[in-house]
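Peer 1: Next come the chains, spelled out residue by residue.
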Amino acid sequence: MSGGNNFDAFFKSFFNPICSFIERVMGGAEDVTDLAQDVFLKVFERWKEFDSEENAKAFLFISARNLCFDRLRRKQAESNYVSRYLQENEFKTSVFLQEVMRQETFRILYSAIDRLPEQTRQVILLGLDGNSNQEVSKALGVSINTVKTLKKNGYAALREILSKDYLILLLILLGEF
Amino acid sequence: MKDDLIGTFKISRLVAADLTGSLDDSGRRELDAWLREADENRVIYREIKEKFTKGKREWLYSEKQVEQQLAIFHKYRTKKTARVLGVWWRYVAVAVLLFSVAGILRWQMDGEGRKQSLVPIEIAQGNAMLVLSTGERIALVDTLQTVCGESSADIQVSGQTISYREENKPVQEQVYNTLVVPRAGEFKVELADGTKVWLNALSELRYPVQFAGGLRVVYLKGEGYFEVASDSEKPFIVKTFVNVDIKVLGTKFNVSAYENDVDVTTTLAEGSVEVILPNERVRISPDEQLVFNKEENSCLLREVDASIYSAWKNGLFIFEDQRLEQIMEQLKRWYEMDVFYSGEEVRNYRFSGDLKKYDSFEKIVKMLEEVAGVKIDIKGKCVTIGAK
Chain A
1 MSGGNNFDAF
11 FKSFFNPICS
21 FIERVMGGAE
31 DVTDLAQDVF
41 LKVFERWKEF
51 DSEENAKAFL
61 FISARNLCFD
71 RLRRKQAESN
81 YVSRYLQENE
91 FKTSVFLQEV
101 MRQETFRILY
111 SAIDRLPEQT
121 RQVILLGLDG
131 NSNQEVSKAL
141 GVSINTVKTL
151 KKNGYAALRE
161 ILSKDYLILL
171 LILLGEF
Chain B
178 MKDDLIGTFK
188 ISRLVAADLT
198 GSLDDSGRRE
208 LDAWLREADE
218 NRVIYREIKE
228 KFTKGKREWL
238 YSEKQVEQQL
248 AIFHKYRTKK
258 TARVLGVWWR
268 YVAVAVLLFS
278 VAGILRWQMD
288 GEGRKQSLVP
298 IEIAQGNAML
308 VLSTGERIAL
318 VDTLQTVCGE
328 SSADIQVSGQ
338 TISYREENKP
348 VQEQVYNTLV
358 VPRAGEFKVE
368 LADGTKVWLN
378 ALSELRYPVQ
388 FAGGLRVVYL
398 KGEGYFEVAS
408 DSEKPFIVKT
418 FVNVDIKVLG
428 TKFNVSAYEN
438 DVDVTTTLAE
448 GSVEVILPNE
458 RVRISPDEQL
468 VFNKEENSCL
478 LREVDASIYS
488 AWKNGLFIFE
498 DQRLEQIMEQ
508 LKRWYEMDVF
518 YSGEEVRNYR
528 FSGDLKKYDS
538 FEKIVKMLEE
548 VAGVKIDIKG
558 KCVTIGAK
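Here the protein sequences come in this chain order: A and B. Following the numbering used here, the numbering of the first sequence begins with 1 at its first residue and continues without gaps. Following the numbering used here, the numbering of the second sequence begins with 178 at its first residue and continues without gaps.
Isolated chain B (complex conformation) (with noise of 0.2 Å):
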């Protein structure tokens, strides 16, 4: 462990001195073998080197809060040394007991394994889907493109990012794109007045190609997280195909609208928003969520940490408190299965924890059957969920 870390600090700084356009041939070839040992190095490779091109600094604390920690460990240190030790050997104990009760269950119930199942769930595949004004539609794989057919914009695809440029000349007539985003996949819409909307995956997004009169609006099926650029003169409205309204100035929020949840949610990271829903408008501040149930018509106002309802646009799948239906269904939007439960109890219960997004659907079965005590059988695409 100790050398593979060694090595790895040396690539490390192989990375940074690349960054910086300063390698020499020698690390270039060092770095370059590196690269092509592993898939998995590859995508480290380009999550650093995007961050560092396009991101903020992201240091936690200032240097002054940093000596001010050091000044409280010296303060504390000699304290906790004693406690630290009292108590370190007592966890190992537990520690080593815990492992090994897990590691005798494991090999008991080894070969009994899930072999029948006969095709493995995996990630759905599939390209997010441009629908133009005109009717015509435009499959967005992943590489550069100019979408033409538009002639009252300037349409660029990036990745996994779409962006639409203000043309400098007055608008007409405001016509309409939709992006429609497939199972499993995910996507980024900067639009005309420079608003960024994340789409998660089985989404739906309409929007007009360059906004006039004064307001912006735009129609929203499934989950979207939303950047809206600041315009006071110009309120922002996400429509929902039931009837709720989200009006904003310019704000960071989360929405959640999928047809077949009984519940849109509203969840406001920064700035103020306003729920426009039947009966009553609703103003929201950060970290508090609004969620409106459409069978019973009613409204529930609750704290929350935002930051877990938008994590899934960072490729994370964080629950905290959920009941398992409620996780399921989540899944059921990156995987293709069925889900059914022997026995009602199951649905209900709950989870907090933290996936990522792109895990085998074997190692999050798992997990869960793991950490929850339930039982999980997968036959083809049939998954049940019972009690252990």
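One chain only, chain A, in its complex shape (with noise of 0.2 Å):
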């Protein structure tokens, strides 16, 4: 994968499921987005290697536990400082992929919310934080039958984003930035 502008649109999708992976396993407080620069930073360096984007993402996560695992062990020895993370001198694997995935899921679906009509977005998110269609109706003053409408098409739509290979459409997507 080369170019600079690939670069760049990876740093955008990436960049908060990494501060939120970092957030949850620093357990807050910390300067998140300085240590986020630094993965990103490794990344880069190795981003003419990468020949698939499952390996810049795979090589992304990596770093982002490796930067946090040598962080969380200073803090442990300049303080007495207990992490629920650093369990007998590792980071559990099986820990490691289940903060992976909450950060993937959850990013692959907002990009996919991201990318639907304004005012269908919009209904989607309201709905999503528990809001019934009357509500949804009122807070955007659409009548219920639209909110019903673009709800049904929204759902429609977000099938056909994720129905397909998701991994091809990002690249394609990647390379037309």
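Where hints are given, some of them may not hold.
Pairs of lysine-lysine, DSS-like flavour, derived with a Cα cap of 25 Å [unchecked claim]:
#, chain 1, residue 1, chain 2, residue 2
1, B, K509, B, K558
2, A, K12, B, K241
3, B, K228, B, K429
4, A, K151, B, K226
5, B, K533, B, K398
6, B, K226, A, K148
7, B, K543, B, K509
8, A, K92, B, K543
9, A, K42, B, K509
10, A, K12, B, K187
11, B, K228, A, K151
Per label pair, the in silico range of CB-to-CB distance [to be verified]:
#, chain 1, residue 1, chain 2, residue 2, range
12, A, P117, B, E244, 18 to 24 Å
13, A, K138, B, S407, 15 to 21 Å
14, A, K138, B, L392, 29 to 35 Å
No lab work stands behind these hints, which were simulated from the structure alone. Because the structure is a prediction, the values reported are computed rather than measured. Glycine is no exception: its CB is placed at the ideal position from the N, C-alpha and C atoms.
Please assemble the complex out of the two chains, which come individually in their own frames, going by the hints.
Peer 2: In structure tokens, the structure reads:
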């Protein structure tokens, strides 16, 4: 994968998931963006070597894990700090994979939702926040029937986006930048 | 590790498709097979599903902020590359050294172990209990149920939540329910006015089924996190079993008032509350904490990170520079055990950290020993902590 622009698109897609990962692992209150910057630097240094997005992504999460691990270790050495992620000198693989899965799933869902037309997107998001159709119609100032139609179309569009091989789709997207 | 990750990415796509109802048959089979593989797979799947269908969007930074971060990235990367490479190897060397020392120590200490402990200390089990105004007691099991027996209210239980609906008829007489949460439990109550209360282990909340009159009053023993529905005409008051009341209009805060704890601690997350003490009233602001010592009848106001004090409601146990004795007192609310100290100074060792609430007790003991330089002996339900 070559070209600096692709890297920028990658950065934008994964910055939030990585910050969220760091925040959960470090237990908040850390300089989350500083650590995230360091993680992306590692990816950037190797960017030309990745032959697929999956490889770049795997390297990204492994770098995030290692940097957090390193930071937690130092924190533990400096003060009496106990972390649920550092157990018996290791960051348990299963716990790590669970955190990755959480961030990846939300990233896929949110980026799919973000590609919907604005009003449809609003309807879906308000619905996900637990609002009834009636409440959504009030909030957006449209009729209940419009809400229902938009919701139906929105979910159909999401299905469309997610049923295709998502990986291929994203690579095309990255190529377009 | 790389293959594990690529497998995880694939499952993430299946879960995302599943949550929007767009999973095809072969994907469904693959996801089901993965869910059958391990308990923890089902747990994380449920967590993600719950968060997506109920929760808010959870990204920390807006699109604009991410753009700014990208600009910062390109601006500084040339400088950083040099710096990071220079220091990197020193960290590796130190880390390798540390790990080898830790490895040797562990190897030497193996074999002695903690084999003498008889019954392992485990998370206590038990159902939360609801006491109706008639005195009837109902065990709340982890399923959907409708509670009958309270004529003036519609009571629903779902999972670890109990909710009360406001009935449209005027309230004649205020009747009370009490929710009792056992050791290691936790439960959420949604009161008739929309206020949400998370109750921690070994806690009780007594509250009216419907609020009548000009005040909303509830009674707390133990610890609770409150999200009070705003109603400026009806102040909300939390009464504790000592002379400390907390008066609010609409806000989020945590109150810890355990009978065997000398302190009653109120921590404010949002809004404003007034703590009414025997001799004075103190108004506190977000990220402030008021600690009232019942024995000395004194109080202390300090600044804290409020989220730490309500982490328990998300299954975490976070402590910041706390005394070992305080930490063990909190752990006793989840694990059935008696704690003894050989030597007074051990009680005052201070720690920071975060643990998952449902970790095995063994694991927690190991971590404390490793970090703290204390020696922990377990015999049956007796835990003795001494200096190393």
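Peer 1: Please flag the earlier hints that this structure goes against, numbers listed from lowest up.
Peer 2: 9
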